[in-house]
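Trainee: Okay, here's what each chain looks like letter by letter:
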Amino acid sequence: MRGNILIVDDEPIILRSCEKTLVPEGFDVETETSPIRALKREDLNRFDIIITDLKMPEMDGMEFIKEVRKSNQEVSILIITGYPSQETLKESLSLKVLDYLPKPFSPSILLEVVTKTMEMKSKVTASESRPAEYTDEMVQRLDEIIDAYKNKPGALIPVLQEAQELFGYLPPVIQKHIARGLRVPVSEVHGVVSFYSFFTMKPKGKHNIKVCLGTACYVKGAEEIMNNLKAGLRIGASGMTEDRKYSVDTVRCLGACGLAPVVVVDKDTHGSVTPVNIMHIVKQYE
Amino acid sequence: MNLYRSSIMLCGGTGCMASGSLKIKEALEEELLNRGLENEVNVVFTGCNGFCAQGPVMTVYPEGIFYEKFMLKDIPEIVEEHFIKGMPVERLMHKDSTTKHPIALMDEIPFFKYQTTWALRNKGLIDPEKMEEYIAREGYLAAAKALFEMTPQEIIEEVKKSGIRGRGGAGFPTGLKWELSAKVDAPLKYIICNGDEGDPGAFMDRSIMEGDPHAVLEGMLIGAKAIGANKGYIYVRAEYPLAVSRLKIAIAQAKEYGLLGDNILNSGFDFDIEISQGAGAFVCGEASALMRSIEGKRGMPRPKFWRSAVKGLWDRPTVLNNVETLANIPQIILRGGDWYRGLGTERSTGTKVFALSGSIKNIGLVEVPMGTPLRKIIFDIGGGIPKGRKFKAVQLGGPSGGCIPESLLDTPVTFEDIQKTGAIVGSGGMVVMDDLNCMVSVSKFFLEFSTEESCGKCTPCRIGNTVLLDLLCKITEGRGEKQDIELIENISKQIINASLCGLGKTSPNPVLTSLRYFKDEFIEHVEQKWCKTGVCKELCTFYIDETKCVGCGACARVCPKKAISGERKKPHHIDQSLCIQCRSCYLKCNFYSIKIGPRAMRESILSNTEAPKGDIADKEAGQ
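Which chain is which? The protein sequence lines are A and B, in order. The first sequence begins at 1 in the numbering used here and counts up by one. The second sequence begins at 287 in the numbering used here and counts up by one.
It is worth saying that the hints were derived from the structure and are not from the lab. Take the hints with a grain of salt, since some may be wrong.
With a Cα cut of at most 30 Å, we get these calculated DSSO-like pairs of lysine-lysine [as the list claims (entries may be wrong)]:
{"no.": "1", "chain 1": "B", "residue 1": "Lys583", "chain 2": "B", "residue 2": "Lys676"}
{"no.": "2", "chain 1": "A", "residue 1": "Lys206", "chain 2": "B", "residue 2": "Lys309"}
{"no.": "3", "chain 1": "B", "residue 1": "Lys647", "chain 2": "A", "residue 2": "Lys267"}
{"no.": "4", "chain 1": "A", "residue 1": "Lys210", "chain 2": "B", "residue 2": "Lys779"}
{"no.": "5", "chain 1": "B", "residue 1": "Lys583", "chain 2": "A", "residue 2": "Lys202"}
Among chain A residues calculated to face chain B with C-beta under 10 Å, some are [what the hints assert, rightly or not]:
{"no.": "6", "residue": "Leu156"}
{"no.": "7", "residue": "Ile157"}
{"no.": "8", "residue": "Leu182"}
{"no.": "9", "residue": "Glu188"}
{"no.": "10", "residue": "Gly191"}
{"no.": "11", "residue": "Phe198"}
{"no.": "12", "residue": "Met201"}
{"no.": "13", "residue": "Leu213"}
{"no.": "14", "residue": "Gly214"}
{"no.": "15", "residue": "Glu223"}
{"no.": "16", "residue": "Lys230"}
{"no.": "17", "residue": "Leu254"}
{"no.": "18", "residue": "Gly255"}
{"no.": "19", "residue": "Ala260"}
{"no.": "20", "residue": "Asp266"}
{"no.": "21", "residue": "Asp268"}
Built from N, CA and C at the ideal position, the CB exists for glycine as well.
Required output: the full structure, derived from the provided sequences and hints.
Mentor: Take a look at the structure:
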């Protein structure tokens, strides 16, 4: 079993088709046509993902999500809706909704989104202290950024840069928000995000460590520093420690070759680093 | 205005800032205040001085005394001895590399003595955040001359006469580029400054943008007048935050003084500059990719049906110049094209800034006239190889260039002569490698870079480089076969012929030049499974030459696996079953008693557990 999923939608046919997509892939799927009944379920907290429609006769989907969030901050929520709008998209951001799928969508997209969500969860669940994801003010600030660049040519990259500074990373829901705000296709936003190495879709640790792998640093043993750092901090495949305190990145030449090998922690540049003293440097950042 | 008797030029480049120069500045100012010298001694926080490895560095004027590698605790001593007693502190001066005598004056240190600084003329002399200091050094004189005394045609003629070629790598004549664009009749044109210095190991553009940002603005202003552009962009890497902030300050100052904006100095000419930040893609240094990136798209190059001088950014005529090129323009306008032509050689005129780094004593920025031999740059200015190591190769041109061996060190650095060696001048990164570097691994390093940075648009570059990289991995991991070398040459040629942009066309260069000059090393890797430098872990056996080992035990102490054992003052021994080939002992041994043999040795030692007698590997190598 790959994960517990609850789907809430007033149309049984949607529920059935989602079930058909997810069950063969090993997900344990339960469905509800009524959000009120769903809220009354005693086992509501056992689900990893809740997928919900927005327009339902008994109760609005947003209300439903708010109710769920009152008692459960951990569950991942995805929205499927036949009536996508800027307002609901924005509202969903502040409710920490992970993705927003306009209907109709193909089964493969649903499967991809659910699989990715589960993958993210499995990486995160081990952590004790999850950093605050996004707050209302942050979303408001993002809108201000978008408005400031809206009618300028070439706005996308600066907006993404500022958004990343704000949120620390660019998850799909933020990319969609930016795409709507700037009136460009989501595919274009995602294309740009995935093209440039500066942008990341993975959250960063509290302290981000960048190891320079430029030629001068390489010649002076940067690779060994990287290896020691990864082993010393026990950095996993996600590029981060389990407690999300440190994340490690590589960078292609910081132009500080006189200090090679160079490591940047947050915004401080450290020069002439050795495989031995790297751990001392990193431990200064708590 | 306050007149000072002495000025301290403290370096505020990225390198020295990382060594704590910001705190040193505060401490200096405080100490001067405590001693009542605040009105006599002035502390100026300058741009990059260029002598980065010695950081933090400062020069005290009017004498020109150079201090290096000082720390916070040395500040009271410097103030007491130098500024109160008038006795410069010898302890903190640069020492001659052979005699170890302190050299007091900056101009007498070999690193500075042999340089001719024009693009870097203001380095270490002005505060980059104060426009007045730039103006005091003839700043914006050339812009005024271009705006009021010259027609666009005259500017272009002067630049063409100077013979200056693009400093970014390709070496296209700047005057010609401007002329092409000036001829196009269009209402909107752009001039872009390329500050996307992506070549690993090059940092001259960063230093100019940080240390002398107004020179770049002035060069752009002159270029804009020449081609008739009213809007300019500076495209800077996101990895250079200090350069971005200094450029922003410079632009705001120039606007305030009326040197940017509408109707500049009442000349009727309008010009404005905006900063566009990159987002970490090497390919964006390529002209058409850079323009796509400013437009907010994926930075992928386009086929060159037309030049960007005709159809570039947003399909308007666009001129793209490198930072260093633009920083040279004001001097060319001020002193004339003939003066500039007098520097350098006939076809490669002027001076060029190089970023010396790697295994070399004096790491830093070096500006020399074109045509200076490599040997002079590396050994006279750079001070040669440290720690008694031997020079092996110098890498020019980053991932598009190649490694030049010792036998070609007398090659003069010009666009043509370097091209003949198979490398390129490129943007001017010079990474020196000593005999601890394995050339196969170095080639692999550059290919990893090109493979990762390939934008993926054209197949020869995307797939071809991946296949090349696979082959090199195969060789370094000990699975190499005889035909692989031939295959590498073959695929390289196809990538060069079929790729769309400069990245693909030049990405096999590092492998091809290494194959040309260090073929023996490739063959040893493939046939004898022997990496003589001990870099390729699968291709070496570390052992101790018992005739040379004095039993000092230094190797045993650094061994992370405790694989080395032996009594004090008796020859030590490496346990092959524990050795992980980390090379720590080899680097530590002061008696050259640790040797590297082919992989097969390890197996034979392991099977009959007999320690090797004497110097097998050296004999096999014919040494």
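Trainee: If a hint holds in the structure, say so; if it doesn't, say that too.
Mentor: We went through each hint and held it up to the structure:
Annotation: proposed proximity of B/Lys583 to B/Lys676 is violated, straight-line Cα distance about 47 Å (limit 30 Å). Between A/Lys206 and B/Lys309, the direct Cα distance comes to roughly 25 Å. Compliance with the 30 Å bound is thereby established for this hinted pair. The suggested pairing of B/Lys647 with A/Lys267 holds, with an alpha-carbon distance near 28 Å, which does not exceed 30 Å. Proposed proximity of A/Lys210 and B/Lys779 is contradicted: the alpha carbons are some 35 Å apart, above 30 Å.
This hinted pair checks out: B/Lys583 and A/Lys202 have alpha carbons roughly 21 Å apart, not beyond 30 Å. The restraint placing A/Leu156 at the interface with chain B holds, with a minimum CB-CB distance near 4 Å, inside the 10 Å limit. The interface hint given for A/Ile157 is met, as the beta carbon of that residue sits about 5 Å from the closest beta carbon of chain B, less than 10 Å. For A/Leu182, the interface hint holds, since its Cβ comes within 10 Å of a Cβ in chain B; the closest pair sits about 9 Å apart.
With its C-beta approaching chain B no nearer than about 8 Å, A/Glu188 sits inside the 10 Å limit, and its interface hint holds. With 10 Å as the threshold, the beta carbon of A/Gly191 comes within range of chain B, its nearest partner Cβ sitting at about 5 Å, so the hint holds. Hint status for A/Phe198: holds, given a least beta-carbon distance of 4 Å to chain B, under 10 Å. Taken as an interface hint, A/Met201 does not check out: its beta carbon lies about 14 Å from the nearest beta carbon of chain B, beyond 10 Å.
The criterion of a C-beta within 10 Å of any C-beta in chain B is met by A/Leu213, whose closest approach is roughly 8 Å, and the hint holds. Satisfaction of the interface hint for A/Gly214 is found here, the shortest Cβ-Cβ separation to chain B being roughly 3 Å, below the 10 Å cut-off. Proximity of A/Glu223 to chain B holds as hinted, the smallest CB-CB distance being about 9 Å (cut-off 10 Å). A distance limit of 10 Å between C-beta atoms decides the matter here; for A/Lys230 the minimum to chain B is near 16 Å, and the interface restraint is violated.
Contact between A/Leu254 and chain B, as hinted, is supported at the beta carbon level, the nearest pair being about 6 Å apart and thus within 10 Å. Taken as an interface hint, A/Gly255 checks out: its beta carbon lies about 4 Å from the nearest beta carbon of chain B, inside 10 Å. Annotation: A/Ala260 was flagged as interfacial toward chain B, and the flag holds, the nearest CB pair being 6 Å apart, inside 10 Å. Taking 10 Å as the C-beta cut-off, the interface hint given for A/Asp266 is violated, the closest approach to chain B being about 12 Å.
Because the closest C-beta pair between A/Asp268 and chain B is about 8 Å apart, less than 10 Å, the hint holds.
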